[in-house]
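Its first residue numbered 151, the sequence shown is counted upward by one per residue in our numbering.
These are computed hints drawn from the structure, not numbers from a lab. Just so it is clear, the structure is predicted and the values come from calculations on it, not from any experiment. A hint or two may mislead.
Quick list of the computed label-pair ranges, beta carbon to beta carbon [said to hold, decoys possible]:
1) Lys154 with Val238: 22 to 28 Å
2) Leu235 with Leu206: 30 to 36 Å
3) Ala211 with Ala240: 32 to 38 Å
4) Leu163 with Leu222: 25 to 31 Å
5) Arg245 with Pro218: 39 to 45 Å
Built from N, CA and C at the ideal position, the CB exists for glycine as well.
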Amino acid sequence: MTVKRHAIGVVALILLAVGGWLTVFPSEWAGGQSLRAASLRLGPFLVVLWLAFPQLARLPAWLLSTVPVLVLLLAFRPRWFFIALPVVLALAILRPRSSTRRGNSG
151 MTVKRHAIGV VALILLAVGG WLTVFPSEWA GGQSLRAASL RLGPFLVVLW
201 LAFPQLARLP AWLLSTVPVL VLLLAFRPRW FFIALPVVLA LAILRPRSST
251 RRGNSG
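Just need the whole structure built from these sequences, with the hints factored in.
Structural data, given as structure tokens:
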């Protein structure tokens, strides 16, 4: 287990605890509702990220860099997202594999 994975898990637990606390004991502070909402949305996301961390480490770097681009595209140009997502998926599936084969010398 890596330190990054442990850190993601700890932050997820803290966010879930803060969100739960602010749900049970609402704050008088103006930003309390926003903090509660953000904590209850980011906490489960980080739990899923924590669970998937070993598999995410095996993804190619270019594929990870396309995720923020797709999110921004979805936010600003939603119709373009339906064109960009299949293109990225096709590139991920159809990319050339390494040509090294085991046990086939000669």
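Results of checking the hints against the structure:
Judged by the Cβ atoms, the range 22 to 28 Å given for Lys154 and Val238 holds: they are separated by roughly 25 Å. Between Leu235 and Leu206 the beta carbons are some 18 Å apart, a value that contradicts the proposed interval 30 to 36 Å. Distance hint check: the CB atoms of Ala211 and Ala240 are about 18 Å apart, inconsistent with the given range 32 to 38 Å. At roughly 29 Å, the beta-carbon separation of Leu163 and Leu222 lies within the given 25 to 31 Å, and the hint holds.
Taken as a hint, the range 39 to 45 Å is violated for the pair Arg245 and Pro218, whose Cβ atoms sit roughly 20 Å apart.
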